[in-house]
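**Student:** Sequence:
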Amino acid sequence: MARALDLRITDAARTAIDDFMAGLEDEGVPALCVNRRWGEKQEHWMVGAYHTERIRFFEQLARVSGFDYFFQCDGLLFLLPYNGVVGRLEGRTLDYAFSRYLVR
Numbered sequence: 307m308a309r310a311l312d313l314r315i316t317d318a319a320r321t322a323i324d325d326f327m328a329g330l331e332d333e334g335v336p337a338l339c340v341n342r343r344w345g346e347k348q349e350h351w352m353v354g355a356y357h358t359e360r361i362r363f364f365e366q367l368a369r370v371s372g373f374d375y376f377f378q379c380d381g382l383l384f385l386l387p388y389n390g391v392v393g394r395l396e397g398r399t400l401d402y403a404f405s406r407y408l409v410r
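Residue numbering for the sequence shown is 307 to 410, as defined by this note's numbering.
Please keep in mind that the hints were generated in silico from the structure rather than gathered at the bench. Just so you know, these numbers come straight off a predicted model, no measurement behind them. Zero decoy hints are in this set.
If you anchor each label on the Cβ, the simulated ranges turn out as follows:
| hint | residue 1 | residue 2 | range |
| --- | --- | --- | --- |
| 1 | VAL370 | ALA318 | 33 to 41 Å |
| 2 | ARG369 | GLY397 | 23 to 31 Å |
| 3 | MET307 | LYS347 | 32 to 40 Å |
| 4 | VAL370 | ASP325 | 28 to 36 Å |
The beta-carbon is built from N, C-alpha and C at its ideal position, and this holds for glycine as well.
All chains, please: the whole structure from these sequences, using the hints.
**Tutor:** This is the structure we're talking about:
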């Protein structure tokens, strides 16, 4: 099931995630991802969503690979599709300001 991750979610981030998820046609699980645009030093954190059928894929992948993909963070369930970000989130805070997610 979901592993606990010490990632605090601010009220602003929680509201942005709730609003995003409420706007989806189908149910899903929020996913937290990061990317860096070519030539930029700053990372860009994003929240997307995985549909129920894709969630089953990650459940099966977890059983086969032994990696965790589902995390309980400050009362919210997240899918973290890239294991490399888990260590970068531990003990941090997810915030939302100026229409962007920020990890502090």
